[in-house]
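A.B. asks: Sequence:
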Amino acid sequence: MNQEITRRNFIATATLATGFALAVQPVSAKVITTDTKGLVAGAVKIPVKDGEIPAYRAQPATGSNFPIVLVIQEIFGVHEHIQDVTRRFAKLGYLAIAPELFIRQGDVSKLSNIDEIRPIVAKVPDAQVLSDLDATVAWAVKSAKGNANRLGITGFCWGGRIVWLYAAHNPEVKAGVAWYGRLVGDATELQPKYPIDIASTLTVPVLGLYGGKDTGIPLDTVEKMRDRLKSSSSKSEIIVYPDAPHAFYADYRPSYREKEAKEGWKKLQAWFKQHGV
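All letters in the sequence shown, in the order written, are residues -29 to -1, 1 to 248 by mature numbering (1 follows the signal peptide of the UniProt record, and there is no 0).
Keep in mind that the hints are not guaranteed to be accurate.
[Stated by the list, open to error] Restricting the straight-line Cα-Cα distance to at most 20 Å, the calculated cross-link-like pairs of lysine to any residue (SDA-like) are: (1) K1 with E51; (2) K184 with P213; (3) K1 with D157.
Treat the hints as calculated values from the structure; they're not laboratory data.
Construct all of the structure, not just a fragment, from the sequences and the given hints.
C.D. replies: Structure below.
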């Protein structure tokens, strides 16, 4: 096992429960906190090809054969908000798990400036992420009483892009919900494809939730994605909330919009139920 990865694993696992990423301080007063009553929740380690990665897992304390939801982090890592989202799913009866997908490249939770975070995240290969998510699903089935036949995925911002890509990578996914994930971009060796590149061949139904006032994701790219999806068999859909900015679900940030966030969460639950997650 790579010694550097092991050292970073220890650091990241120890910091999973310490709160919010430094780069998003101060935290909004509207932050939602979901308790762990009736749940098993906390840090776990996921065996991957080159060692282990830390993750945050939440699931009901009793029962088995739980539907699985992969929760994919923002650029800020698996901090308290992402952990809380997993607990929200667990309260609904899901086994939800959020793996630390940047850990080999660095611990972004300790960085206070987004300009320090971006270079780390830019070094994360898509192939590594997809492989780690495969390993996370395998762990959920083998070690946490998860049902491989009821697999869903959701993610936010950076994780929203990954939702589209993982749905294309793993046709066993029953449904995905992508919150304001970037749809187009310049191909690189580490990030060779963007959602628009896989849209026409997608078979997994993905619901995209986007903000009409998102300055980082132009509406024309959303419309291009919609157009490409028409030729796929996935029956994917995109909803745009006209007055919502980027990160409108992030209740710990000023971008939070309660109305659109609550409506999007209801849409997510209905989408998962409709498609057997």
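A.B. asks: Tell me if the straight-line CA distance from K184 to P213 falls inside 20 Å.
C.D. replies: holds, 7 Å
A.B. asks: With a cut-off of 20 Å on the C-alpha distance, tell me whether K1 and D157 pass.
C.D. replies: violated, 36 Å
A.B. asks: Keeping to a limit of 20 Å between CA atoms, is the pair of K1 and E51 held or broken?
C.D. replies: holds, 14 Å
Checked against the numbered hints listed earlier, the structure breaks hint 3 alone; every other hint is satisfied.
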